[in-house]
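Our numbering applies: residue 131 is where the sequence shown begins, and numbers increase by one.
Careful, some of the hints might be misleading.
Claimed, not checked - FRET-style restraints, in silico, Cβ to Cβ:
1) Leu-505 with Arg-374: 27 to 37 angstroms
2) Arg-643 with Val-715: 23 to 33 angstroms
3) Ser-222 with Arg-374: 18 to 28 angstroms
4) Glu-197 with Ile-176: 27 to 37 angstroms
5) Arg-673 with Asp-718: 42 to 52 angstroms
6) Arg-669 with Gln-216: 41 to 51 angstroms
7) Pro-310 with Glu-526: 45 to 55 angstroms
Hints were generated in silico from the structure; no laboratory data involved.
Backbone N, C-alpha and C fix where the C-beta goes; we use that ideal spot for every residue, glycine too.
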Amino acid sequence: MKQPQPPDEPQAEDLVRANRILSRRAERYRVDLERLEDMKERQNAILRSVINEMRATQLRLEAKNHELEELTQELRGTNAQLRMTQSRLLASEQAAQEASTAKSRFLAHMSHELRTPLNGIIGMTELLLRTLEQEADRELAQIVGASGQALLAIINDIPDFSKLEAGKLEIDAVEFELLPCLESVIDLHVTRAEQRGLDLILDADPRLPTRVRGDPARLRQVLINLTSNAIKFTPQGEIVLRARVLPGESLEFSVRDTGIGIPHDKLSQLFLPFTQLDASHARTHGGTGLGLAISLQLAEAMGGELSVNSPSGEGATFRFTVDFPVIVGPKVRASPLELKVLVLEQAATSRGVLCDLLVDLGCRAIPAATLADALRLLGEERVDAAIVDHRIRSQEGAGLAGELIAAAGPVAPRTFLLVPTVHLNRVHSLREEGYSSVIGRPFKRSSLERALSWSTRSQRPALPDPPPLDPQVQILVVEDNPINRKVTRHLLERAGYACHVAEDGPEALTAFRDTRFDLVLMDVQMPGMDGYQVTRGLREVERARGDARPVPVVAVTAGVSEDERARCREAGMVEFLEKPLRWQVLSDAVARVLDLNRASSQAGGR
131 MKQPQPPDEP
141 QAEDLVRANR
151 ILSRRAERYR
161 VDLERLEDMK
171 ERQNAILRSV
181 INEMRATQLR
191 LEAKNHELEE
201 LTQELRGTNA
211 QLRMTQSRLL
221 ASEQAAQEAS
231 TAKSRFLAHM
241 SHELRTPLNG
251 IIGMTELLLR
261 TLEQEADREL
271 AQIVGASGQA
281 LLAIINDIPD
291 FSKLEAGKLE
301 IDAVEFELLP
311 CLESVIDLHV
321 TRAEQRGLDL
331 ILDADPRLPT
341 RVRGDPARLR
351 QVLINLTSNA
361 IKFTPQGEIV
371 LRARVLPGES
381 LEFSVRDTGI
391 GIPHDKLSQL
401 FLPFTQLDAS
411 HARTHGGTGL
421 GLAISLQLAE
431 AMGGELSVNS
441 PSGEGATFRF
451 TVDFPVIVGP
461 KVRASPLELK
471 VLVLEQAATS
481 RGVLCDLLVD
491 LGCRAIPAAT
501 LADALRLLGE
511 ERVDAAIVDH
521 RIRSQEGAGL
531 AGELIAAAGP
541 VAPRTFLLVP
551 TVHLNRVHSL
561 REEGYSSVIG
571 RPFKRSSLER
581 ALSWSTRSQR
591 PALPDPPPLD
601 PQVQILVVED
611 NPINRKVTRH
621 LLERAGYACH
631 VAEDGPEALT
641 AFRDTRFDLV
651 LMDVQMPGMD
661 GYQVTRGLRE
671 VERARGDARP
681 VPVVAVTAGV
691 SEDERARCRE
701 AGMVEFLEKP
711 LRWQVLSDAV
721 ARVLDLNRAS
731 SQAGGR
């Protein structure tokens with residue numbers, strides 16, 4: 131057997147070198163392997179962390195999912211509750227609408243029922259004023275008429291409070307005379323002020339325009355509320371309604387009283403609805419607490435401002451400023467009276483206002499606060515007339531006028547006594563004391579001018595007799611209320627028309643079949659057959675007998691809303707009159723409808 135031979139030396143070196151290379155590579159592989167193992171371990175750690183985080187996230191998601199399921203269940207319950215609430219709200223809204231409709235029907239019905247007696251009061255008063263010749267009687271009747279008109283304004287305002295709250299109240303823009311509007315406010319409160327022993331004074335700026343454009347009913351309502359409120363809270367003293375022109379031609383109406391005043395900390399509550407500043411005031415003075423709230427809203431609706439000033443213990447002054455376009459400027463007297471007039475009046479405000487009125491009428495006013503002052507002044511200069519306050523007469527006695535006349539010298543002045551309007555009928559007994567006549571208190575420019583111009587003579591022109599009845603014009607009045615029938619008949623006959631009356635629908639249809647009428651006045655609201663049904667019945671009668679043209683039917687109603695106008699037109703009515711009927715409005719409307727009908731007939735004939 132051969133023995134291996136040892137490699138030669140160069141070959142051995144190659145082997146050693148190769149072995150070293152392999153060793154180094156093996157070391158690198160080992161290091162790389164360790165590094166890989168380390169990386170693997172780190173990756174595994176990261177993976178385990180990610181897995182743990184994913185498991186935690188999954189747990190959180192499961193919890194959130196459970197929470198969402200619970201919220202979903204709650205939301206389903208909430209939605210069900212909302213649907214129930216919505217259903218209840220819809221039912222409540224429907225009930226509220228039905229209640230509002232019922233309220234509107236009730237207010238309309240009450241308005242009609244209240245207007246029915248008012249139609250008699252206002253209509254008969256107007257007829258009475260056309261027959262009375264004594265000025266004192268006329269003034270009393272005018273107060274009745276003014277009171278009826280004020281009550282009518284209140285009735286008209288029954289539906290307005292809800293309109294004010296909703297911002298839907300309409301303000302008229304019509305031409306009207308300003309001073310008569312203010313005087314009507316005073317007339318309404320005369321009796322109440324007299325009963326409380328208060329001076330009620332109208333102080334009207336002579337620069338006031340004669341006619342303006344605005345809403346007279348709303349102006350009157352604001353001033354009535356303010357004046358009534360002042361009287362309510364004034365135990366003694368005076369109430370002054372003042373009207374003046376401000377720079378820039380704005381008008382300011384103010385009501386000042388000498389009452390209990392308003393605490394400063396209560397002023398902010400004053401115009402809140404249903405608010406009484408003190409519960410004891412409601413018990414003592416009455417009222418609902420709505421008047422001032424309504425007045426504020428009306429003032430703002432007219433584009434004006436309403437404010438109050440009440441110094442501690444000095445009463446209160448309410449001011450209403452507004453811009454009314456001027457139609458006719460201030461009244462200018464053609465010829466001044468040029469009289470010297472002694473004014474014996476103990477109240478300073480009344481004395482000042484009366485003297486201002488006399489100056490505006492072209493007189494020279496000589497004021498005196500006491501009888502001694504008056505006698506002294508009469509001894510110094512001659513006067514043409516003397517105006518004496520009734521309270522001084524009460525203090526000095528029945529011989530007061532005689533003393534004044536004696537002190538005046540050989541030319542006796544005409545002597546007038548200022549007496550409350552409610553006592554004007556005492557003029558005959560007062561003449562025996564030496565008074566020429568009486569002047570109603572609160573005094574007005576017109577009555578003062580009339581008294582000084584005509585003295586005791588009644589210069590009011592006699593009223594003309596009613597025009598002769600025209601048998602060619604036949605008017606049928608359909609009205610269920612006997613008072614309204616009588617009023618309407620009197621008004622029509624005074625206007626010169628022949629009038630027939632029917633108290634219900636069947637009677638009206640019978641009369642219409644038997645008689646050819648030129649016009650029908652139809653009450654809209656009647657029991658049984660209402661005005662709409664009766665009018666349709668009249669049209670059927672006309673069609674049955676072949677009438678060429680329908681007889682015009684004029685609706686007489688408590689309120690003329692657009693819905694009611696539409697119903698009237700649909701039934702065949704051509705004109706609308708609102709109760710209470712006024713003579714001039716009625717006669718103008720009847721004449722207008724008859725003229726239109728005649729013109730239409732003539733055009734058809736051609």
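So which of the earlier hints does this model not fit? 3, 5 and 7
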